[in-house]
Amino acid sequence: QQPVQSPQAVILREGEDAVINCSSSKALYSVHWYRQKHGEAPVFLMILLKGGEQKGHEKISASFNEKKQQSSLYLTASQLSYSGTYFCGTFSSSGSARQLTFGSGTQLTVLP
Amino acid sequence: NAGVTQTPKFRILKIGQSMTLQCTQDMNHNYMYWYRQDPGMGLKLIYYSVGAGITDKGEVPNGYNVSRSTTEDFPLRLELAAPSQTSVYFCASSYESGGNYGYTFGSGTRLTVV
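Top line first, the protein sequences correspond to chains A and B. Under the numbering used here, think of the first position of the first sequence as 16, with each following residue one higher. Under the numbering used here, think of the first position of the second sequence as 323, with each following residue one higher.
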């Protein structure tokens, strides 16, 4: 089943912060985060493997709460280059089809 | 380092025609995937492969076929194209299982069936 992302869209001014959430109904082994700019391919940002793990990529970080089956992506002091659609992908720890399932995305727009 | 290369970038097909979308990677990745992305939506898995000679269905395999004769290549075949197959198709690869490794995506093929 597809993970649920929220919000669906967010508009920020340069320098503001944002949080994007991703939740699943299944037990999770890992969570991926990708950014896709309009007309381009998704680009891998980071993977979180352990419960409670946090990772960072420039001013973008993420957390993974294994017990709650949730992950959050934190964008700090956003830059114009952060605009795009952010997708989480979840990898279930159960079931026969152990493949990455993507959420429907969160469209982030950063304005000057 | 080219990464994942997809051809063609754009294609218009008539209903009932067939075509093959090409995908090749030069990273020696074992795992390869085909996704489709409809406008404003996420990515849906069509087929995947865990190594040469091994393929399996994803979430939306109907109307498609794949083969994996080499580690590098993973072509996607569309037989009897239908308007519902109008979409952007992305090929991706990963070193091993996506549970532990991120995916590298190709630049996509935009397909329109008329």
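Worth flagging that the hints you see were computed from the coordinates, not collected in a lab. The C-beta atom is built at its ideal place from N, Cα and C for all residues, glycine as well. Mixed in with the good hints there might be a few duds.
To be verified - Okay, derived cross-link-like pairs now, EDC-like style, lysine to aspartate or glutamate, Cα gap no bigger than 16 Å in a straight line:
(1) A:K41 / A:E81
(2) A:K52 / B:E381
(3) B:K366 / B:D348
(4) B:K366 / B:E381
(5) B:K336 / B:E401
(6) B:K331 / A:E81
To be verified - So these bits of chain A aren't anywhere near chain B, every CB distance computed over 10 Å:
(7) R28
(8) S78
(9) Q84
(10) S96
Do the hints match the structure? See the list:
no., hint, verdict
1, A:K41 / A:E81, "holds, 10 Å"
2, A:K52 / B:E381, "violated, 24 Å"
3, B:K366 / B:D348, "violated, 24 Å"
4, B:K366 / B:E381, "holds, 7 Å"
5, B:K336 / B:E401, "holds, 12 Å"
6, B:K331 / A:E81, "violated, 39 Å"
7, R28, "holds, 24 Å"
8, S78, "holds, 17 Å"
9, Q84, "holds, 15 Å"
10, S96, "holds, 19 Å"
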